[in-house]
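For this one, chain A is given, so just place chains B and C on it according to the hints.
Next come the chains, spelled out residue by residue.
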Amino acid sequence: MDIRKQVPDIKGVLGMNNGGQIKSGRHKPFLTNSRKEAITAYLCLIPAFLGLSMISYIPTLSAFVLSLFKWNGMTSPEFIGFDNYKEMFTIDIYFTDSLKATLVYAFLAVIGSMIYSLFIAILLNMNIPARPLWRSIFFVPYMLPAIGVYTTWRWLYELNYGLFNHINRMLGLPPVKYLESPKNVLPSLALIAVWCAGNLIVIFLAGLQNVPGVYQEAAEIDGANSWQRFWYITIPYMSPIIFYNLLMALIINLQVVTPALAITNGGPQNASMFMSYLIYRYAFTKYKIGYAAAYAAIFFVLVGIFTAILFATSKYWLFYEEEGGK
Amino acid sequence: MIKRKIAILLAAIVMLSLITLSACDGTNKDVPSTGTTGTESSGGTSADERIRITYAQWGNETETAACQAVADKFNAQQDKIYVEVLKIDYDNYIAKLNTMATAGELPDTAIMSEAGVLTFAKNGLLYDISEMYEENEAKPLDCITFKNNGTPVAYSAANEVLNIWYNIDLLKEVCEKQGLDINQFTPPAKAEDAWSWDEFVRVAQTLTIDVNGRNALDPNFDPNNVDIYGCCVNILPWQLEVWCLSNGGGFFNKDGTECIINQPEAVEALQAIADLSLKYHCAPPVSTAATALSTSLGTEKIVMATDGAWNVGTYLGPDANFEYGVGVLPYFKEKVTICTGGPNVVFATTKHPEEAMTWLKWYYQEENSWDLIENGTWMPILESWYTNSELTDKWINNKNYPEAGMYKSAVVDYAFNNAVSTAWYYVSGTDVFNAALDTAMSYVWTGDMTAREAINKYYDELNRIFLENN
Amino acid sequence: MEGSVNNTYTIKSSFFKSKQRREKIVNGIAFVFVVIFAAAVLLPLWWIIRSSLMSNGVLYSYPPSFIPYEWMVSNYSKTLETFKYWTYFKNTFTIIIPAVTFGTITAIFCGYAFARLRFKGKKLIFTLCVGTILLPGMVTLIPLYIFWTKIVGLGGTYWPLILPFLTGGGFFNIYLIRQFMTTVPKEIDESAEIDGASRMCILWSILVPNIKPAITVVILMLFIQLWNDLLQQLIYINDMNKITFAIALTNFTGSFGTKWNLAMAATCMVIAPGIIIYLIGQKSFVEGIVLTGIKT
Numbered sequence: 134m135d136i137r138k139q140v141p142d143i144k145g146v147l148g149m150n151n152g153g154q155i156k157s158g159r160h161k162p163f164l165t166n167s168r169k170e171a172i173t174a175y176l177c178l179i180p181a182f183l184g185l186s187m188i189s190y191i192p193t194l195s196a197f198v199l200s201l202f203k204w205n206g207m208t209s210p211e212f213i214g215f216d217n218y219k220e221m222f223t224i225d226i227y228f229t230d231s232l233k234a235t236l237v238y239a240f241l242a243v244i245g246s247m248i249y250s251l252f253i254a255i256l257l258n259m260n261i262p263a264r265p266l267w268r269s270i271f272f273v274p275y276m277l278p279a280i281g282v283y284t285t286w287r288w289l290y291e292l293n294y295g296l297f298n299h300i301n302r303m304l305g306l307p308p309v310k311y312l313e314s315p316k317n318v319l320p321s322l323a324l325i326a327v328w329c330a331g332n333l334i335v336i337f338l339a340g341l342q343n344v345p346g347v348y349q350e351a352a353e354i355d356g357a358n359s360w361q362r363f364w365y366i367t368i369p370y371m372s373p374i375i376f377y378n379l380l381m382a383l384i385i386n387l388q389v390v391t392p393a394l395a396i397t398n399g400g401p402q403n404a405s406m407f408m409s410y411l412i413y414r415y416a417f418t419k420y421k422i423g424y425a426a427a428y429a430a431i432f433f434v435l436v437g438i439f440t441a442i443l444f445a446t447s448k449y450w451l452f453y454e455e456e457g458g459k
Numbered sequence: 014m015i016k017r018k019i020a021i022l023l024a025a026i027v028m029l030s031l032i033t034l035s036a037c038d039g040t041n042k043d044v045p046s047t048g049t050t051g052t053e054s055s056g057g058t059s060a061d062e063r064i065r066i067t068y069a070q071w072g073n074e075t076e077t078a079a080c081q082a083v084a085d086k087f088n089a090q091q092d093k094i095y096v097e098v099l100k101i102d103y104d105n106y107i108a109k110l111n112t113m114a115t116a117g118e119l120p121d122t123a124i125m126s127e128a129g130v131l132t133f134a135k136n137g138l139l140y141d142i143s144e145m146y147e148e149n150e151a152k153p154l155d156c157i158t159f160k161n162n163g164t165p166v167a168y169s170a171a172n173e174v175l176n177i178w179y180n181i182d183l184l185k186e187v188c189e190k191q192g193l194d195i196n197q198f199t200p201p202a203k204a205e206d207a208w209s210w211d212e213f214v215r216v217a218q219t220l221t222i223d224v225n226g227r228n229a230l231d232p233n234f235d236p237n238n239v240d241i242y243g244c245c246v247n248i249l250p251w252q253l254e255v256w257c258l259s260n261g262g263g264f265f266n267k268d269g270t271e272c273i274i275n276q277p278e279a280v281e282a283l284q285a286i287a288d289l290s291l292k293y294h295c296a297p298p299v300s301t302a303a304t305a306l307s308t309s310l311g312t313e314k315i316v317m318a319t320d321g322a323w324n325v326g327t328y329l330g331p332d333a334n335f336e337y338g339v340g341v342l343p344y345f346k347e348k349v350t351i352c353t354g355g356p357n358v359v360f361a362t363t364k365h366p367e368e369a370m371t372w373l374k375w376y377y378q379e380e381n382s383w384d385l386i387e388n389g390t391w392m393p394i395l396e397s398w399y400t401n402s403e404l405t406d407k408w409i410n411n412k413n414y415p416e417a418g419m420y421k422s423a424v425v426d427y428a429f430n431n432a433v434s435t436a437w438y439y440v441s442g443t444d445v446f447n448a449a450l451d452t453a454m455s456y457v458w459t460g461d462m463t464a465r466e467a468i469n470k471y472y473d474e475l476n477r478i479f480l481e482n483n
Numbered sequence: 499m500e501g502s503v504n505n506t507y508t509i510k511s512s513f514f515k516s517k518q519r520r521e522k523i524v525n526g527i528a529f530v531f532v533v534i535f536a537a538a539v540l541l542p543l544w545w546i547i548r549s550s551l552m553s554n555g556v557l558y559s560y561p562p563s564f565i566p567y568e569w570m571v572s573n574y575s576k577t578l579e580t581f582k583y584w585t586y587f588k589n590t591f592t593i594i595i596p597a598v599t600f601g602t603i604t605a606i607f608c609g610y611a612f613a614r615l616r617f618k619g620k621k622l623i624f625t626l627c628v629g630t631i632l633l634p635g636m637v638t639l640i641p642l643y644i645f646w647t648k649i650v651g652l653g654g655t656y657w658p659l660i661l662p663f664l665t666g667g668g669f670f671n672i673y674l675i676r677q678f679m680t681t682v683p684k685e686i687d688e689s690a691e692i693d694g695a696s697r698m699c700i701l702w703s704i705l706v707p708n709i710k711p712a713i714t715v716v717i718l719m720l721f722i723q724l725w726n727d728l729l730q731q732l733i734y735i736n737d738m739n740k741i742t743f744a745i746a747l748t749n750f751t752g753s754f755g756t757k758w759n760l761a762m763a764a765t766c767m768v769i770a771p772g773i774i775i776y777l778i779g780q781k782s783f784v785e786g787i788v789l790t791g792i793k794t
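Residue numbers (our numbering), protein chains in the order written: chain A, 134 to 459; chain B, 14 to 483; chain C, 499 to 794.
If you're looking for bench data, these hints aren't it; they were derived computationally from the structure.
Quick caveat, the model's predicted, so the values are computed rather than measured.
Note that the Cβ used here is the ideal one computed from N, Cα and C, for glycine as well.
Any given hint could be a false lead.
As the list claims (entries may be wrong) - Below, in silico cross-link-like pairs of lysine-lysine (BS3-like), each with a Cα-Cα straight-line distance of 30 angstroms or less: (1) A:LYS448 / C:LYS582; (2) A:LYS219 / B:LYS160; (3) B:LYS470 / A:LYS219; (4) B:LYS364 / C:LYS648; (5) A:LYS448 / C:LYS710; (6) C:LYS576 / B:LYS86; (7) B:LYS203 / A:LYS203; (8) B:LYS292 / A:LYS316; (9) C:LYS588 / C:LYS684; (10) B:LYS86 / A:LYS203; (11) B:LYS160 / A:LYS203; (12) C:LYS582 / B:LYS86; (13) C:LYS648 / A:LYS448; (14) A:LYS203 / C:LYS648; (15) A:LYS169 / C:LYS648.
Claimed, not checked - Not everything, but these chain C residues come out facing chain A in the computed CB check (under 10 angstroms): (16) VAL532; (17) VAL533; (18) SER575; (19) LEU578; (20) ALA611; (21) VAL637; (22) ILE644; (23) LEU661; (24) ALA690; (25) ILE704; (26) ALA764; (27) ILE775.
Looking at chain A on its own, in the form it has when it is part of the complex (with noise of 0.2 angstroms):
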């Protein structure tokens, strides 16, 4: 099928001439169109600028020097250097299973919302009946609080009473240990994480949308079927908005922290030491400020390698004219 080059050329004709074909426009002595853009782009960017800065870097700088203290919030920092590393790396126990934890989960979590939700918005964005019923469904977990989501599900999983060994029973199964075993609970967990992915839905749908039907028709026309229109056309044309929601999951999912607030304590056998739960306990609960701002300097720099290498793989999948961002 020549479908698939044909679209990549459409677009590169009308990505690659851009800068060039307004300078040849006007000759402005001082304010060149370049230097305005670069003003306009400033001036857009001035209140995120001041605003990230304040409420987002100087906080995180200030965990990464906090990084270096024995603080337990009361009495006054103790300056340690990097015992606090040293501790984590040596002696801490749950350091190595909160790595697994965040890990596993993360990956579980995101590949299984970012199949679910693509998948829900296709069908969604077919013509299928009383479809403004249907995608409310599908959304309204994303917008329960967290205390009813947690709690429900705990209530389901629950090993004895619950209602899906329960159902596990009737059926003459044996009930299974969701939240019990260390085997199973993180894709207990997980799932819950894909039923909320209500949001994932609806930018997969919004993204649907915005695919031009232009090359749907001309694809049409030359005889693709609807599987190859999806694949060649869709998934092209979609893959900014993939790549936005696998980022969004992905980070989201790694900072995961309130199923085990809220059901498991990072439990059982510290199969659900989410990592940032942990910095929660020593930050919250240990009194151990410091340590916990080592474990976000090491956390961020986690989270930091896995978005490194999401945008860089991006450069052989992902499907737009980017002068910007690299």
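Quick look at chains B and C alone, frame taken from chain A:
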């Protein structure tokens, strides 16, 4: 066209900003500065010159309402002090309090979680309340007094002890089914009649029946298809301490100088709890159901369960669909229960310690927190309520309570004669310790490790936490 | 159209006599899947609703019942005795309206700068923006609390909850706008530029209408983020008369047990406005669907 659109947009932005500003201005006017100085609540008048103190608490909606009612009553009597109640979510209480402590914005006084008190005290954040009661005044019970190096730093607002609670309807049903004499299987209400652990296990096994109607002592009993379980022991780490104490051990030694959870007494007791479901099949496999009466007895498939006395007011009295009874805990070597209760503290940062103490002292008088005592949530903290039969009658002859004679011996006398302090009254960092113990025990509940193996694996960590905090 | 089908497809097209028929079958299958998945999604939702209609006593009884034994609609009136719905409603919206409005507008500006404009330091600023999402919010909780209460002196007001949203509500919203703008063909704004339209004109009259679904998503996400954000609101709001829905929901939990039936009733009531906002917002999706519906 385009310009008009921009104009509309700008107008919209300006309007919204104005709405916002007016809304936020409103906030500012109402709240000159919240936190240390307090806000005007509906009860106060604007020309009020009384000293304002804030009292933070974490109750649910009934407790908050009750607490507010008490504060209103106090405020109505007082011409010098005005108490403002600050409600903080229970699950995030420590997070918020720590954040406030770090910023130096603590309230004047508060009810705290038990485990946090000594940590705060050791860091100099608690005001010394030893002068709150005169030498000859009636003080709260000694076992609910928090002590930092021997000096009192806080008293619990209420007394709570652990007991065994049972579903009488279900007990009758199980006994009838098997043709048993119900009296032999009713948990004893007097400490002197308390079941030994082996007796308890045997009773629980007899009361456990599978779907075929066989009990757990029957060789053909089917542990995978149990209909009714005989017992369910609460596995919250702080509650596990009682079994270690009963077996002559404990989490820590009596003066809180050593962590002895790795001693055979403690390990044996912990193993015995796990064996209830792993070996004897008389308790359900450990799950989240085992952390509250509402989820254990509440299933109406469990005959007996252990938990604290507050359940009379929060669950058993108002909500339970069955007739319930209360008995004393079974014992290994010593007939013992543990007592606890949310502590009221005065923060060292307060500018009005005298007023804060006046308020707390007033609040400690049972008649002032009567609502919570009357409905069974709180037990009184002053000795006289346990020793003076007139007061005891006033306390337990209320409609929420079970049969008075039973409650009197199983809870009142038991609490007065057999209760010892939970470790957090004299050991700091128990919340962290308990969290680590919870992890260790999760290996035991599943049967992946014996209690000995799990405690050995985690003893270094547990002991390190203990040493770091004490 | 059928005439242009090449040989490879003749077999298939004979399978499905007409395009409409094929479409009908595909949609039918899709519908079956939607119903199955919706049923699975609805199960926990139903569990919340049925729990809100039961007494606390039967909530845990085994076997669990799908349908309340006795429909306790009175739970809702009981909840409202302590749950001052309209006060919380007003408080929540006092925060949400400015935060969502300014958050969306600034996100559009920033997204535009990253999607369309070329300037020095773009890569650096973009990377810095990415950096802001690498740390979970609770790490910066204490430094920020000190910043807002001690340095700026806004403790006890709603400002610490609103002002951060002047930054586009965080990187994710900026990036969403940017991603959607990149899917709009540049040809469109270039032709407008040649016609002499200023950049702001292009942004607001050409790009923004083209990414309306994305803007709807940003509004929805900001709305729900604020609606459910417990930790931040809890830290900054002390006064019982100033609390929001997120905080009010925690009022049912306590150290001595929780009235879960009432908490679930409150949960059901709290999500109602969210559903209404969503139904309004999804109009922008419906519009788009109608357009694509013509051509597939």
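So, going through the hints one by one against the coordinates:
1. Our distance criterion of 30 angstroms between C-alpha atoms is broken by LYS448 (chain A) and LYS582 (chain C), whose separation comes to about 52 angstroms.
2. Taken as a hint, the LYS219 (chain A) and LYS160 (chain B) pair is broken in the structure, with Cα atoms around 34 angstroms apart against an allowance of 30 angstroms.
3. With a C-alpha separation of about 21 angstroms, the suggested pairing of LYS470 (chain B) with LYS219 (chain A) holds against the 30 angstroms cut-off.
4. With a CA separation close to 18 angstroms, the supplied pair LYS364 (chain B) and LYS648 (chain C) stays within the 30 angstroms bound.
5. The straight-line distance between the Cα atoms of LYS448 (chain A) and LYS710 (chain C) is roughly 27 angstroms, inside the 30 angstroms bound, and the hint therefore holds.
6. A C-alpha spacing of about 24 angstroms is found between LYS576 (chain C) and LYS86 (chain B), which places the hinted pair at or below 30 angstroms, so the restraint holds.
7. Of the supplied pair hints, the one linking LYS203 (chain B) and LYS203 (chain A) is violated, its CA atoms being roughly 51 angstroms apart against a limit of 30 angstroms.
8. Restraint check for LYS292 (chain B) and LYS316 (chain A): satisfied, since their Cα atoms lie roughly 23 angstroms apart, inside the 30 angstroms limit.
9. Distance restraint check for LYS588 (chain C) and LYS684 (chain C): the Cα-Cα separation of roughly 43 angstroms exceeds the 30 angstroms cut-off, and the hinted pair is therefore not satisfied.
10. For the given pair, LYS86 (chain B) sits about 45 angstroms from LYS203 (chain A) by alpha-carbon distance, which is inconsistent with the 30 angstroms threshold.
11. Taken as a hint, the LYS160 (chain B) and LYS203 (chain A) pair is honoured in the structure, with Cα atoms around 26 angstroms apart against an allowance of 30 angstroms.
12. With a C-alpha separation of about 22 angstroms, the suggested pairing of LYS582 (chain C) with LYS86 (chain B) holds against the 30 angstroms cut-off.
13. Restraint check for LYS648 (chain C) and LYS448 (chain A): not satisfied, since their Cα atoms lie roughly 45 angstroms apart, outside the 30 angstroms limit.
14. Distance check on the hinted pair: LYS203 (chain A) and LYS648 (chain C) sit about 22 angstroms apart at the alpha-carbon level, within 30 angstroms; holds.
15. Proposed proximity of LYS169 (chain A) and LYS648 (chain C) is contradicted: the alpha carbons are some 40 angstroms apart, above 30 angstroms.
16. Residue-level restraint check for VAL532 (chain C) holds (minimum Cβ-Cβ distance to chain A is 5 angstroms; threshold 10 angstroms).
17. Annotation: interface hint on VAL533 (chain C) holds; nearest CB of chain A at approximately 8 angstroms, less than 10 angstroms.
18. Against a cut-off of 10 angstroms between C-beta atoms, the interface hint on SER575 (chain C) is violated, since the closest Cβ of chain A lies about 19 angstroms away.
19. With a cut of 10 angstroms, the hint placing LEU578 (chain C) at the interface with chain A is violated, because the nearest CB-to-CB distance is about 17 angstroms.
20. The closest approach between the C-beta of ALA611 (chain C) and any C-beta of chain A is roughly 4 angstroms, which is under the 10 angstroms cut-off, so the hint is satisfied.
21. At a threshold of 10 angstroms, the smallest CB-CB gap from VAL637 (chain C) to chain A is about 4 angstroms, leaving the interface hint in force.
22. Given hint, ILE644 (chain C) at the interface with chain A, holds; its Cβ is 9 angstroms from that chain's nearest Cβ, closer than 10 angstroms.
23. About 8 angstroms separates the beta-carbon of LEU661 (chain C) from the nearest beta-carbon of chain A, less than 10 angstroms, and the hint is met.
24. The interface hint given for ALA690 (chain C) is broken, as the beta carbon of that residue sits about 12 angstroms from the closest beta carbon of chain A, more than 10 angstroms.
25. The restraint placing ILE704 (chain C) at the interface with chain A is violated, with a minimum CB-CB distance near 14 angstroms, outside the 10 angstroms limit.
26. Contact between ALA764 (chain C) and chain A, as hinted, is supported at the beta carbon level, the nearest pair being about 9 angstroms apart and thus within 10 angstroms.
27. The criterion of a C-beta within 10 angstroms of any C-beta in chain A is met by ILE775 (chain C), whose closest approach is roughly 9 angstroms, and the hint holds.
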